[in-house]
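Peer 1: Chain by chain, the residues:
There are 2 protein chains.
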Amino acid sequence: MTAKEKKPTAPKKARAPKRATTGPLHAAEDTREDTREDTRLRELAADRIAIEGVEPEIDGGRFPAKSVAGGRFRVEADIFGDGHDVLEAALLVRPAGATESAWTEAPMVLFDNDRWHGSAELPENRLYDFTLVAWRDLFASWRGEVSKKYGAGVPIGLEIEEGCRLVASALAQAERGTAEDRKAMARLDEALRADAVEGDRFSLLMSDDTAALLRRAGPRTNLSHYNKVLQVFADRPAAAFSAWYELMPRSQSGDAARHGTFDDVIARLPYVRELGFDVLYFPPIHPIGKTNRKGRNNSLVPEPDDPGSPYAIGAQDGGHDAIHSELGTLEDFRRLVSAARVEGLEIALDFAIQCSPDHPWIKQHPEWFDWRPDGTIKFAENPPKKYEDIVNVHFYRDAIPGLWLALRDVVLFWIEQGVTIFRVDNPHTKPFPFWEWLIGDVHARHPEAIFLAEAFTRPKVMKRLAKIGFSQSYSYFTWRNQKQELADYLTELTREECRHYMRPNFFVNTPDINPYYLQHSGRAGFRVRLALAATLAGNYGLYSGFELCEAAAVPGKEEYLNSEKYEIRAWDWDRPGHIKDDVRLLNDLRRRHPALQEFANVEFYNAWNDNILYYGKRTPDLSSFLLFAVNLDPHSAQGAAFEVPLWEFGLPDEATVEVEDLVTGSHFTWHGKVQHLWLDPAQRPYAIWRLIPPGAPR
Amino acid sequence: MTAKEKKPTAPKKARAPKRATTGPLHAAEDTREDTREDTRLRELAADRIAIEGVEPEIDGGRFPAKSVAGGRFRVEADIFGDGHDVLEAALLVRPAGATESAWTEAPMVLFDNDRWHGSAELPENRLYDFTLVAWRDLFASWRGEVSKKYGAGVPIGLEIEEGCRLVASALAQAERGTAEDRKAMARLDEALRADAVEGDRFSLLMSDDTAALLRRAGPRTNLSHYNKVLQVFADRPAAAFSAWYELMPRSQSGDAARHGTFDDVIARLPYVRELGFDVLYFPPIHPIGKTNRKGRNNSLVPEPDDPGSPYAIGAQDGGHDAIHSELGTLEDFRRLVSAARVEGLEIALDFAIQCSPDHPWIKQHPEWFDWRPDGTIKFAENPPKKYEDIVNVHFYRDAIPGLWLALRDVVLFWIEQGVTIFRVDNPHTKPFPFWEWLIGDVHARHPEAIFLAEAFTRPKVMKRLAKIGFSQSYSYFTWRNQKQELADYLTELTREECRHYMRPNFFVNTPDINPYYLQHSGRAGFRVRLALAATLAGNYGLYSGFELCEAAAVPGKEEYLNSEKYEIRAWDWDRPGHIKDDVRLLNDLRRRHPALQEFANVEFYNAWNDNILYYGKRTPDLSSFLLFAVNLDPHSAQGAAFEVPLWEFGLPDEATVEVEDLVTGSHFTWHGKVQHLWLDPAQRPYAIWRLIPPGAPR
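Protein sequences appear in the order of chains A and B. Letter 404 of the first sequence, counting from 1, is numbered 404 in our numbering, and no numbers are missing. Letter 163 of the second sequence, counting from 1, is numbered 163 in our numbering, and no numbers are missing.
Simulated from the structure, these hints should not be mistaken for lab results. Treat the hints with care, since some could be wrong.
[Stated by the list, open to error] Which residues of chain B face chain A? A few of them, derived with a C-beta cut under 10 Å, are:
id	residue
1	Gly61
2	Gly153
3	Val154
4	Arg176
5	Thr178
6	Glu180
7	Ala184
8	Asp374
9	His428
10	Leu438
Positions of the beta carbon are idealized from the N, C-alpha and C atoms, including for glycine.
Next comes chain A alone, as it looks inside the complex (with noise of 0.2 Å):
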């Protein structure tokens, strides 16, 4: 953070709209009505500079935006005067509720048609307020006005003294600046008293350093202040980056008669990490109720061995806040958590907020739940649909605040487990007032908590989850298979307003979903949805069997054949076919390639094939500028004509400039705009080249 001063001067409060309200009398008629009026009219007067527009500011400073601990936080405004006067202004920050004097200043400076832009870095994974200030700069002014009169030959030499004037006043009131400034201007200001020379007094005030030090240093004229204080929330960055792998622990012994534990998931760790992976995640781990339990493929008739769904939370011996004992106690699992730590690997949890029949929360406060007119308990249905082995709390009436703490303590208990990512299951049908409570109350304790929304519902109902608080959300980036469509998806999300507070995290498949391009597409349509998640988003996941190209599927559905949500299974990890040379390739680009590690900056670049999607990402410093080419025809060869964008380096069409190609690790050259390109699917159908701008290092 770039700290201009020591003492930013403090923003005021949000202030309600100012219009008056009521109809007073005549002035004439009513002297007090003026001295009302006077101070209204004082008040307005403060502020004369406009500054609106402000983005990011969510739903009017609602709710914050979100940003990234360590990175750069860039604010935008339309800012602008009356009249012709030139303006400064300055971003500020502060952590949250922090006290006016811990505000820290960066300037913001305008780049098109009223617009201004700064940026601040957000040290610490916190919350942060920030606002605007603006301001008059007379000097500047006086400086800009004066050279156009000495450019037409107009006589200045009352305009010298004005300027001499303006430095005298500058160093009466000087507050701001550092002691050296002020020593500077007091030097200046004796300069300008001594000498008599008009010409030289001239030079004196039109130096670029007169002008550095007044902008330092001399008043802001008219300081005029944001009328709201907004907020950003700064993640850890594996918020914002992170490539995740689900697995369901109890299918991780090898051998479906054994039920895994977590010494097996031990044991699978170094493949997990060898892939690339950041996260991994385990649906639920806790107790499986017996009432209702569902049977393979989800018969509603399961067989005495059947281990039931671990969504159906909850039994004899224990909730949310409890083990599943044939994966092994908590010991075990603070082990699996250490363990994956060494890997570096995070364990991601999955909080599921409905109950089994048998959970111990129905006997200890049936008041969190719904009960039937005979006495029963309500399950859980979407009429005519019914869920025969859970049953859901209600989150009102008697339900507060106990429920809401026990669930917010659920969350602080695996915290201290060691788990700071939950994957949250449903949560849209869950209140969002409760959502707000519970991030914002265990970010507050815990800034580092990663809660990301598996919310597959309707668009406003999952960026207000996002809104309200989750760091990262499920997409619809399953359902996106065509050109246009993922490009018109994209777009949405990375030049939306969402984009300052919604993540997406591209899964390519979930027990939940086996989509059906993966059921029809063979081994290369893996490869495709792999190298889109993987290169399009920051944060990406994929659901074990994935990486064999598992897609049996039951018939007509989106699901997936004998799946491990209602039985154990064992997996041949090496299975021919498998495509874990792409996954490790990808992985290995995202972590060494930083125009991989940005979500919002991808752009999509003209290919002239409809089955061709073409894309870039960059740093805004162009040093790491990546170009994606990706076959979405699973079963035949595509070639295409494609742009290079050598414009976004200022060359011209028929420059010449230097590409790596991430998958071969060849060089090569590629002279003039346009260029062509052949992906087969049965090869590789997807290409990843860097473009090596003119001048850099190779």
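On the provided structure of chain A, position chain B as indicated by the hints.
Peer 2: Structure of chain B alone, referenced to chain A:
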């Protein structure tokens, strides 16, 4: 206003962002913390339903939206909850600052993708508060679920009992609905208790009457409030719909050698009224300074009898509240205002804040002006350009509050003389807070006052002036001549957010703007621009001489030759080639057709010729539906195929529609969607048709 209940629930005041900002200890270690979090939890929990994306909401509620007294004010919002329950929502409106009991309520209706709309009539010319509430309708949710189960053949005995309990509960907490509703609810409850037959109870519960009763008088579960009270200013209708005629009073004697008087203007009122105008606007009528007076054609060397620019306001005999003595007395002016009123015309005055060097304020209030080091006053300038005959006040330092109050009192003075419309000269060179205060202060006393901002400057500055209170705004219309640029500009004005606060006034010319287009277009071009302005905008205006097709320009400039700004002119108002018939026709159509009295209802349709702008305007119920075609090329006849928007009436492409030609009065029929037109500028460069909806009276 549909007041659905006598005591609408009061919305809460705006709240600051609610996120926790501190990092307390773990709850287990600090029980006081839980108490505080408990408060926050209950506060958040109150608003279970999400209400967001409210429109209009100008800059997060910082500024009021604009509407018209007696018209309907439409509000949209995204409203949604968790889960699938049936929601209801309402728009609340009250006079600004009124008590909580003053809220009246209008229903909101879901129309698309979680988007709702509702509207309320704003009966008075004043400022209103508005906000939104939403709630869950548990009975409606129950009804929907039971319908599905019944349809699927699922047993519903328990559901019927649950429905009866919902009725009993509604009866027990009934505070809403009429006394009659409460009686009906008691009868229903009694019938449900008395009737043991399941089928009868089911029929009773599922009846539409029961649903309507519970909707009206049942509980509002999870009643949620939008987190802001917004505002809307309801102007009188003339703010949104008016035709202006501008003239220089001193040029109305009919003799360039004799200074015109207010009596001369009175004699011209029938002319203005007969042309169909609503507002008669004068440039400044105040004493004109003598120091540095401008001569003809802006000469720096005036002749002794040159009258000077009326914008050099103030002389020995007075300033902004005095009248130039050659025009008459204040008494004469009042007589003119009354005579105009008799003719159905309102007088609009110019509010131009600059002063001539002879303005009395300069001696009375030297602290309102800028002074040079040599003791001379600082003249207005835009370096290196100088304005020799005027000086500007400054608005800060010692000018607060004296100057602000004095200028406000100038406006109040003219309101006392019967003038409530002010065209404000160059408001963008005066501080925004000054205007916000002045207009707010005047509106609180005289909500009927209308302020037109004459700001031709950058788009955001113009929009800001509209936000801070100006009722109408000059626009870029004068410089939009081509088909695409007209359509683009109108689309911005009528579709973007600014439509809620900015009302353009389309002037075809002004004393300062003799458009290049008209300098070369001949009479046809005047008819083109007149037709565009009168039919595209709610407010439009012309400066006298336009109806005579006056186009003589200072060579190479957009200025009138021998401008009335610097000399007295005499005009032959029946000069050959005038277009008074067009003016009369268009103003008459504006009065007779409601579709022309809206601004944001313009829709551009297809006419396959780049010279022909083709558009429609209509009322929401389609009872007034006009089509306009204008040949923008004043030199050549142009023809085009065009689309009759049959689809707006739900008619097929091959349908027949009856049409009235509003210029000729003839009736005819169009068969099919595509028709052809031919517009010869030598005959008439525009066509106006009324579509007569099938089955409507002719």
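Peer 1: State for each hint whether it applies.
Peer 2: Now for the hints, and whether the structure bears them out:
no.	hint	result
1	Gly61	holds, 6 Å
2	Gly153	holds, 9 Å
3	Val154	holds, 6 Å
4	Arg176	violated, 19 Å
5	Thr178	violated, 28 Å
6	Glu180	violated, 30 Å
7	Ala184	violated, 24 Å
8	Asp374	holds, 6 Å
9	His428	holds, 6 Å
10	Leu438	holds, 9 Å
Of the numbered hints stated above, those contradicted by the structure are hints 4, 5, 6 and 7, listed in ascending order.
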